[in-house]
Amino acid sequence: MSDNEQIRFDAVVVGAGMAGSAAAIVLGKAGLNVALIERGQKAGSKNYFGGALYTHALKEVLPDFMDRKPPFERPVTEAGFWFLSRDGGLMKATIEGGKLAETELPDAYITMRAAFDAWWAKQAQEAGAFLIPKTTVVDFIRDEQGQVIGVQTDRPQGDIYAPVVIICEGVNNLLTQKLGLARRDVEPAHAALAFKQVISLPMETINARFGLPDDAHGLAVSVLGDVSLGLPGMGFVYTNKKSISVGLGVMLDTLAEYRLRPYDVLQRYLQHPAIAPLVEGGQLLEYGAHLIPEGGWRDMPQLYAGGVMVAGDAAAMVNALHWEGTNMAMIAGKLAAETAIEAHKRGDFSAASLARYRDKLQDRFILQDLKQYRNFARFLETHPQFMDVYPNFLNSALADFFSAYGKPKKVLFREIFGELTHRRPLLKAVGDMISMGKAVMGW
Amino acid sequence: MFHALVAVKQVPDTTNIRIDPETGNLVREGVPAIFNPYDAHALAAAVEWKRKLGGKVTVVSMGPPSFIVTLREAIEMGADEAYLVSDRKFAGADTLATSYVLAETIRRLNEQDPVDMIFFGKQAIDGDTAQVGPGVATRLDLPILTYAVKIRDIDLEARKAIVERKTERWVEVVELPLPVMLTCDKEIAEIPFAPLPDLIRSLKYDPEVWTMAGPVEFDRGQVGVRGSPTIVYKMGTPELPEPGEKINTREVGVEAAVREALAKAESAGVLSAVLGGAK
Numbered sequence: 001m002s003d004n005e006q007i008r009f010d011a012v013v014v015g016a017g018m019a020g021s022a023a024a025i026v027l028g029k030a031g032l033n034v035a036l037i038e039r040g041q042k043a044g045s046k047n048y049f050g051g052a053l054y055t056h057a058l059k060e061v062l063p064d065f066m067d068r069k070p071p072f073e074r075p076v077t078e079a080g081f082w083f084l085s086r087d088g089g090l091m092k093a094t095i096e097g098g099k100l101a102e103t104e105l106p107d108a109y110i111t112m113r114a115a116f117d118a119w120w121a122k123q124a125q126e127a128g129a130f131l132i133p134k135t136t137v138v139d140f141i142r143d144e145q146g147q148v149i150g151v152q153t154d155r156p157q158g159d160i161y162a163p164v165v166i167i168c169e170g171v172n173n174l175l176t177q178k179l180g181l182a183r184r185d186v187e188p189a190h191a192a193l194a195f196k197q198v199i200s201l202p203m204e205t206i207n208a209r210f211g212l213p214d215d216a217h218g219l220a221v222s223v224l225g226d227v228s229l230g231l232p233g234m235g236f237v238y239t240n241k242k243s244i245s246v247g248l249g250v251m252l253d254t255l256a257e258y259r260l261r262p263y264d265v266l267q268r269y270l271q272h273p274a275i276a277p278l279v280e281g282g283q284l285l286e287y288g289a290h291l292i293p294e295g296g297w298r299d300m301p302q303l304y305a306g307g308v309m310v311a312g313d314a315a316a317m318v319n320a321l322h323w324e325g326t327n328m329a330m331i332a333g334k335l336a337a338e339t340a341i342e343a344h345k346r347g348d349f350s351a352a353s354l355a356r357y358r359d360k361l362q363d364r365f366i367l368q369d370l371k372q373y374r375n376f377a378r379f380l381e382t383h384p385q386f387m388d389v390y391p392n393f394l395n396s397a398l399a400d401f402f403s404a405y406g407k408p409k410k411v412l413f414r415e416i417f418g419e420l421t422h423r424r425p426l427l428k429a430v431g432d433m434i435s436m437g438k439a440v441m442g443w
Numbered sequence: 001m002f003h004a005l006v007a008v009k010q011v012p013d014t015t016n017i018r019i020d021p022e023t024g025n026l027v028r029e030g031v032p033a034i035f036n037p038y039d040a041h042a043l044a045a046a047v048e049w050k051r052k053l054g055g056k057v058t059v060v061s062m063g064p065p066s067f068i069v070t071l072r073e074a075i076e077m078g079a080d081e082a083y084l085v086s087d088r089k090f091a092g093a094d095t096l097a098t099s100y101v102l103a104e105t106i107r108r109l110n111e112q113d114p115v116d117m118i119f120f121g122k123q124a125i126d127g128d129t130a131q132v133g134p135g136v137a138t139r140l141d142l143p144i145l146t147y148a149v150k151i152r153d154i155d156l157e158a159r160k161a162i163v164e165r166k167t168e169r170w171v172e173v174v175e176l177p178l179p180v181m182l183t184c185d186k187e188i189a190e191i192p193f194a195p196l197p198d199l200i201r202s203l204k205y206d207p208e209v210w211t212m213a214g215p216v217e218f219d220r221g222q223v224g225v226r227g228s229p230t231i232v233y234k235m236g237t238p239e240l241p242e243p244g245e246k247i248n249t250r251e252v253g254v255e256a257a258v259r260e261a262l263a264k265a266e267s268a269g270v271l272s273a274v275l276g277g278a279k
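So the protein lines, in turn, are chains B and Z.
For the first sequence, position 341 matches number 341 in our numbering, and the numbering has no gaps at all.
For the second sequence, position 14 matches number 14 in our numbering, and the numbering has no gaps at all.
Only chain B is shown next, with the shape it has when bound in the complex (with noise of 0.2 angstroms):
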């Protein structure tokens, strides 16, 4: 190659992520020469999430994709909600058989992340992508016009020109503001700080202590209640094949406006009398973190510009409460690709021909979805009773229910509404449910 001759490729996807090589699986199944750009030394190097992969987004993008072995921890068997009460109680609310083993193909599997984007990547590779890693982009190649027509990456002689860009570069969405598609970093108080500890444990002890018959089941929850210290946040537990994965997410705004030390709040949390049974004995493996985008629907940026598009955690594309990301991320990048396909075949890259993008994202799930729960975001926040009195109570009810104290069960009921009464005023709580309903409606 000489030194002045330009590099060029039909497309180019920023990030070997979830959504970069989706688009690069597409585009290159449709025989177009794509270049998927990644920063770190491989794909999944800068990765790190809970966590579990939904299976349709994945037979979606590549239906023969269990054929293709990905590196998958155990499918999930057993999902649902843990509460944790303050006086060290647990209240679980977990389905496993029914509709979950109903069908052929698990609905979700629990994955690493660093060991799956890799392999991710490789189905584009294999797909015909052209996978360049240790390479950042930095900005874009535009025409008189504006459009884009290429990016500048940080090595020497790195330009690559493209006609259509698909960005999928993550959460740090610089790229994206760059080209005043988004308007300004996410704001603290829109981005969970999600950390975790993987704790290596034999085969067998997760079994036994988890309640499974082997790795082929696996548990994936979420923790509520004395999670992260009354404060706004989630916890989450999943079992790998020889280890656990146990972590939590808190608003970043959260831990600035408390001083909070995520590590401080994660061994609190591994302390809870109801928790430290499971990881105990347990080797440290890995601690990490990564922000999620959580302001979904509000903090969207425009989703497409001349020569571009943006999929993924890049466009915020986050529903927080039901974990749902990864699954959005993959089908926007498919949709993106699609898009650039259909662009090609008209030679048509300007915004109105992408335009398109959106119509496809606003046809699924993905754009239906943000848009309903488009207040979630904030709701935990100004609802903190959802993390605190509510799990508190249902412990201590539960326990009530359950108990024999020789008195009628008319005092007992009594009790415990009385308690909930006394926790929350009724009229609240009435409230609390409503507005937890208008949030998830999006009404």
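Please keep in mind that the hints were generated in silico from the structure rather than gathered at the bench.
Note that this is a predicted model, so its numbers are computed, not measured.
In this text, a Cβ means the ideal position worked out from N, Cα and C, and glycines have one as well.
A hint or two may mislead.
Derived lysine to any residue pairs resembling SDA-like cross-links, with alpha carbons at most 20 angstroms apart [to be verified]:
hint, chain 1, residue 1, chain 2, residue 2
1, Z, Lys-204, B, Tyr-161
2, B, Lys-42, Z, Leu-203
3, B, Lys-42, Z, Arg-107
4, B, Lys-122, Z, Arg-72
5, B, Lys-42, Z, Leu-178
6, B, Lys-42, Z, Ile-200
7, B, Lys-122, Z, Ile-68
8, B, Lys-134, Z, Leu-53
9, B, Lys-407, Z, Arg-72
10, B, Lys-122, Z, Ser-66
11, B, Lys-134, Z, Ile-191
12, B, Lys-122, Z, Arg-201
13, B, Lys-241, Z, Glu-29
14, Z, Lys-204, B, Gln-157
15, B, Lys-42, Z, Ala-158
16, Z, Lys-52, B, Gln-157
17, B, Lys-134, Z, Leu-203
18, B, Lys-134, Z, Glu-29
19, B, Lys-134, Z, Arg-201
20, Z, Lys-204, B, Lys-241
21, Z, Lys-204, B, Gly-306
22, B, Lys-241, Z, Gly-30
23, B, Lys-92, Z, Arg-72
24, B, Lys-42, Z, Pro-12
25, B, Lys-134, Z, Arg-72
26, B, Lys-134, Z, Val-270
27, B, Lys-242, Z, Glu-29
28, B, Lys-345, B, Gln-372
29, Z, Lys-204, B, Asp-10
30, B, Lys-46, Z, Val-31
31, Z, Lys-204, B, Gln-125
32, B, Lys-178, Z, Val-31
33, B, Lys-122, Z, Ile-200
34, Z, Lys-204, B, Gln-41
35, B, Lys-242, Z, Leu-203
36, Z, Lys-204, B, Arg-8
37, B, Lys-42, Z, Glu-245
Which chain B residues stay away from chain Z? Per the calculated CB distances, all over 10 angstroms, these [stated by the list, open to error]:
hint, residue
38, Asp-139
39, Asp-159
40, Thr-205
Starting from the structure of chain B, add chain Z where the hints point.
For chain Z alone, coordinates are given in the frame of chain B:
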């Protein structure tokens, strides 16, 4: 035109390696493989001088197919061609057998295109022997300068180079005839951030793989385990000496402590030595 040849090795990243206390062997499982750092600096120097003088850099390595990753990295760093000498029969080679295979390979490459300067790292960070470079130079009957830290000049017309060599006490400035071999320390050159076209070329590059089948004719008795007379008798980590016994003066008082210490020294038969030292 300057033709530099650089020999490189892939090594486990010894910065996060453990030693199995039972067997004394390195635990290689899960340890990332990296470009031997000294080789990387040597390669950077070769590329730097190729860019100054014009010419090419050829990289050669002996090892399993996984070394292809390292050779691609060499291309990314600016090498023009890369050769991997790889065969199951080469497995288990000590430094003698390795230097034989590399010397014969380099002899062949030199016939194709005469080499002006051969670069090795001063040693590999896994074995730390620093023997293979000198072994190859001896077999090829080449002058060698070890611990090279700076190339001052390469004069292709006059067929000589001026290179600085670090010793324990000072730096020697040496005039060398070409062709010559250098084994390099890290100061020889900084590793630059590769231009994008070089990275892209490296990602598409497949090094040429040479085996026992050719093109070099290797003597079966001199390669791999058969060609390796080194026998590792035992490997282990040195045991930490037991800490000495402590006598607490606060508990027994200074007088008693001194008396007890002297008594222990006497019974251990070292008292005269202690007193002798105090004289």
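Now for the hints, and whether the structure bears them out:
no. : hint                  : verdict
1   : Lys-204/Z - Tyr-161/B : 19 angstroms, holds
2   : Lys-42/B - Leu-203/Z  : 13 angstroms, holds
3   : Lys-42/B - Arg-107/Z  : 37 angstroms, violated
4   : Lys-122/B - Arg-72/Z  : 17 angstroms, holds
5   : Lys-42/B - Leu-178/Z  : 41 angstroms, violated
6   : Lys-42/B - Ile-200/Z  : 15 angstroms, holds
7   : Lys-122/B - Ile-68/Z  : 17 angstroms, holds
8   : Lys-134/B - Leu-53/Z  : 29 angstroms, violated
9   : Lys-407/B - Arg-72/Z  : 79 angstroms, violated
10  : Lys-122/B - Ser-66/Z  : 17 angstroms, holds
11  : Lys-134/B - Ile-191/Z : 15 angstroms, holds
12  : Lys-122/B - Arg-201/Z : 18 angstroms, holds
13  : Lys-241/B - Glu-29/Z  : 18 angstroms, holds
14  : Lys-204/Z - Gln-157/B : 18 angstroms, holds
15  : Lys-42/B - Ala-158/Z  : 46 angstroms, violated
16  : Lys-52/Z - Gln-157/B  : 19 angstroms, holds
17  : Lys-134/B - Leu-203/Z : 12 angstroms, holds
18  : Lys-134/B - Glu-29/Z  : 24 angstroms, violated
19  : Lys-134/B - Arg-201/Z : 14 angstroms, holds
20  : Lys-204/Z - Lys-241/B : 36 angstroms, violated
21  : Lys-204/Z - Gly-306/B : 31 angstroms, violated
22  : Lys-241/B - Gly-30/Z  : 17 angstroms, holds
23  : Lys-92/B - Arg-72/Z   : 53 angstroms, violated
24  : Lys-42/B - Pro-12/Z   : 18 angstroms, holds
25  : Lys-134/B - Arg-72/Z  : 14 angstroms, holds
26  : Lys-134/B - Val-270/Z : 62 angstroms, violated
27  : Lys-242/B - Glu-29/Z  : 17 angstroms, holds
28  : Lys-345/B - Gln-372/B : 34 angstroms, violated
29  : Lys-204/Z - Asp-10/B  : 18 angstroms, holds
30  : Lys-46/B - Val-31/Z   : 18 angstroms, holds
31  : Lys-204/Z - Gln-125/B : 12 angstroms, holds
32  : Lys-178/B - Val-31/Z  : 39 angstroms, violated
33  : Lys-122/B - Ile-200/Z : 17 angstroms, holds
34  : Lys-204/Z - Gln-41/B  : 17 angstroms, holds
35  : Lys-242/B - Leu-203/Z : 34 angstroms, violated
36  : Lys-204/Z - Arg-8/B   : 15 angstroms, holds
37  : Lys-42/B - Glu-245/Z  : 52 angstroms, violated
38  : Asp-139               : 14 angstroms, holds
39  : Asp-159               : 8 angstroms, violated
40  : Thr-205               : 21 angstroms, holds
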